[in-house]
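Please model the complete structure; the sequences and the hints are all you need to start from.
In terms of our numbering, the sequence shown opens at residue 1 and continues consecutively.
These are calculated hints, taken from the structure and not from any lab test.
Bear in mind that the values here come from a model prediction, so they are computed numbers and not experimental data.
We put the CB at the ideal spot given by N, CA and C, even for glycine.
Keep in mind that the hints are not guaranteed to be accurate.
What follows is a set of in silico ranges between Cβ atoms, one per label pair, in the way DEER data are often shown [as the list claims (entries may be wrong)]:
(1) Gln146 to Ser43: 29 to 37 Å
(2) Lys138 to Glu9: 36 to 44 Å
(3) Arg46 to Gly84: 34 to 42 Å
(4) Thr130 to Leu56: 18 to 26 Å
(5) Lys138 to Ala109: 25 to 33 Å
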Amino acid sequence: ELRGVARSEARQKALEHIETFGLKGFENQYPFVLSGGMRQRASFLRSVLLHQEVMLLDEPFGALDALTRHQMQEWLVNLWRKLGNTIILVTHDTDEALLLSDKIYVLSARPAKIVMSLDVDLPRPRTHATVTEPKFAKLKAKLLAQLHEK
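Written out as structure tokens, the structure reads:
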């Protein structure tokens with residue numbers, strides 16, 4: 001049962017989205033069989049099935065290798081464009097923050113307070129080629145300067 005929805009109905013809804021989430025062919029597998037990226041997509045699918053308007057992603061790609069991380073970042077952007085959910089992303093990766101975000105908040109150490117708010121006014125769609133653009137470099141320098149302040 002998934003939040004008051006019968007198991008059979010929840011499974012049917014999950015199967016309707018299985019291809020979008022890159023899990024086709026793995027419908028009957030246990031999580032330990034799935035790759036790290038597939039486990040993340042399964043987790044995102046659960047959030048979508050629960051009709052969460054806001055998704056909180058805390059370092060969702062931290063445990064992935066670089067190639068899988070890039071693929072998952074692009075996949076997440078495509079999913080966001082399709083579903084339109086609000087996503088709050090917690091990350092320590094400045095490139096990831098700039099590629100995926102419209103607005104970045106930098107927090108202080110405990111107790112956490114917002115010490116900087118940065119609008120990311122880079123055009124979409126953003127790809128990993130975006131990191132070579134001068135405007136990206138300027139935003140990254142501004143972000144890193146704040147992070148290195150004591």
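Legend entry - Hints breached by this structure: Structure breaks hints 2, 3.
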